[in-house]
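Q: Sequence:
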Amino acid sequence: MRRFRSPAGDMPQRLIAVVGPTATGKSELSLRLAKALGGEVVNADSMQLYLGMNIGTGKLTPEGRCGVPHHLLDVWDVTETASVSEYQRLARAAVGDIQSRGRAAILAGGSGLYVRAVIDDLVFPGTEPALRARLEAELATLGPGVLYGKLAAADPAAAAAILPSNGRRIVRALEVLELSGRPFSATLPAYSRARRSVQIGLAVPRPDLDRRIAVRVRQMWRDGLVEEVRGLIGTGPHGTGLRAGMTASKALGYAQVLRFLDGEWTEAEAQEQTVRATRRFARRQESWFRRDPRVRWLDAAQPVPTDAALAVVAEPDALND
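My numbering puts the last residue of the sequence shown at 934; the count rises by one with no breaks.
These are calculated hints, taken from the structure and not from any lab test.
Heads up, some of the hints might be wrong.
Claimed, not checked - Label pairs and their computed distance ranges (CB to CB):
#, residue 1, residue 2, range
1, 909, 879, 35 to 45 Å
2, 739, 705, 30 to 40 Å
3, 836, 740, 29 to 39 Å
4, 702, 742, 18 to 28 Å
Beta carbons: idealized from backbone N, C-alpha and C, even for Gly.
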């Protein structure tokens, strides 16, 4: 593939983000962009940071990466709780290292807050152990639905960006609300405060996307998702494994398989519930990225041509300087 350079010759210093809902082809396009630009990929999918969570997250295999360096895959054990502030530190360091070597950094993933943590001037509020413990106790006692109702009443914008079943993120949003006296959504800066970057959004019509998700979930089962989950149970530094992970155990596909293994659902029910939950999640992802006026959307009903994506990267007004 031919190597692309901008007229100014400074392409490697632009942070390129490929974003959008799940199943739109972000990994594949990022790989092609990296090859065209002589670049490296930085993961921005929160679940792909977990070691051993491969099939259910759509993580490219080492062979599937085609020799392109990928960063921030397999960073955390499944027992660790995800931290966007820790991700921000790791991702910015990775981007800085890539760019210092004169290569293009390509951020790829659908975790919207993680993307903004890299490209925008986000400073995440601290935590207060006693408050966090109280909220987590409420979560354990009342369940995520009750706490989600509280969040929706106090901060509708934050609630709209969080799955009602994601207790960890609900607790964090309520914690920030109590600590700062401001809604969690208000802690995010205006979109105009971006670093030098270009965001390419991949859009697929909803009926097509729903079909892709169903196909992907069926393929996950054929590829051995159930066995992957079984292998993650009982692993970890203290032998506790996936069930002990407040974040990893709630991941799409993994949470549903755990309920199947616990006898709550049949395997067919777990698969169907994964399809439904993933479709809901994809709608939330699209809503998050659609609110960002800087995203340049490309039709991904068919694989996006590399030249079309490179043309977006080369547009001067896409740099958000």
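Q: If a hint holds in the structure, say so; if it does not, say that too.
A: Okay, the hints, checked on the actual structure:
| no. | hint | in the structure |
| --- | --- | --- |
| 1 | 909 with 879: 35 to 45 Å | 43 Å, holds |
| 2 | 739 with 705: 30 to 40 Å | 19 Å, violated |
| 3 | 836 with 740: 29 to 39 Å | 37 Å, holds |
| 4 | 702 with 742: 18 to 28 Å | 21 Å, holds |
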